Amino acid sequence: GEDVEQSLFLSVREGDSSVINCTYTDSSSTYLYWYKQEPGAGLQLLTYIFSNMDMKQDQRLTVLLNKKDKHLSLRIADTQTGDSAIYFCAERDSSASKIIFGSGTRLSIRP
Amino acid sequence: SAVISQKPSRDICQRGTSLTIQCQVDSQVTMMFWYRQQPGQSLTLIATANQGSEATYESGFVIDKFPISRPNLTFSTLTVSNMSPEDSSIYLCSVLAADRDTQYFGPGTRLTVL
Chain A
54 GEDVEQSLFL
64 SVREGDSSVI
74 NCTYTDSSST
84 YLYWYKQEPG
94 AGLQLLTYIF
104 SNMDMKQDQR
114 LTVLLNKKDK
124 HLSLRIADTQ
134 TGDSAIYFCA
144 ERDSSASKII
154 FGSGTRLSIR
164 P
Chain B
18 SAVISQKPSR
28 DICQRGTSLT
38 IQCQVDSQVT
48 MMFWYRQQPG
58 QSLTLIATAN
68 QGSEATYESG
78 FVIDKFPISR
88 PNLTFSTLTV
98 SNMSPEDSSI
108 YLCSVLAADR
118 DTQYFGPGTR
128 LTVL
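Residue numbers (our numbering), protein chains in the order written: chain A, 54 to 164; chain B, 18 to 131.
Excised from the complex, chain A in its bound form:
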């Protein structure tokens, strides 16, 4: 079945770039998403990319998609303390209504 995998933890120094990686198995994935969840809060949609794109940039966020390797990454430039959260990678097939989530990567920022 479909599966989405992420590493559980990432620690970066304030001001550095954070790169969160994700792999997925469903070759028919059409939409790939990054969600952010701050402590005690719901999920915030950060960005998404269509499977026919290689890259998408939105301010400090850069999403890279390697469809051949089924690898998705989220780069956060100039990481700030407010970026501390859990980041979920997710994928959806255009014919499917449900989103499959990864386990989430907890990003912590050190001074």
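Note that these hints are calculated values from the structure, not bench results. Mixed in with the good hints there might be a few duds.
[Said to hold, decoys possible] Chain A regions said to be covered by chain B (calculated; three or more residues, Cβ under 8 Å):
no., stretch
1, 74 to 88
2, 91 to 99
3, 111 to 120
[Stated by the list, open to error] Once the Cα atoms are required to be at most 25 Å apart in a straight line, the calculated SDA-like pairs of lysine to any residue come out as:
no., chain 1, residue 1, chain 2, residue 2
4, A, Lys-151, A, Thr-76
5, A, Lys-151, B, Asn-89
6, A, Lys-151, B, Thr-119
7, A, Lys-121, B, Asn-89
The structure presented is a predicted model; accordingly, all values stated were derived computationally and were not measured. All C-beta atoms, glycine included, are put in the ideal place defined by N, C-alpha and C.
With chain A held as given, fit chain B onto it using these hints.
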């Protein structure tokens, strides 16, 4: 984007009781979903709430335990029935946007069952 509200935001309940969670969206949406996030875990889809018909449940979830209503295109409820401590989770409402590309989530309802 869609603005989604949920009530209650949190609750502490006794074993054996039931809790109904409400989800309100600020615009008409075709697809609404209910997810569960157990402590320290990722999100699991419980069911798709269908307007005017019975909800579509995922494997492992049944209507008797999680009855769902969806009377119109902006509102849905999820009931967690006959609760046990294992039901302690965050329950999140989600909607598919009109463009069918993006999916938004409500703030969640944090449920603790004693």
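Checked hints:
{"no.": "1", "hint": "74 to 88", "verdict": "holds (count 3)"}
{"no.": "2", "hint": "91 to 99", "verdict": "holds (count 6)"}
{"no.": "3", "hint": "111 to 120", "verdict": "violated (count 0)"}
{"no.": "4", "hint": "Lys-151/A with Thr-76/A", "verdict": "holds, 18 Å"}
{"no.": "5", "hint": "Lys-151/A with Asn-89/B", "verdict": "holds, 20 Å"}
{"no.": "6", "hint": "Lys-151/A with Thr-119/B", "verdict": "holds, 11 Å"}
{"no.": "7", "hint": "Lys-121/A with Asn-89/B", "verdict": "violated, 42 Å"}
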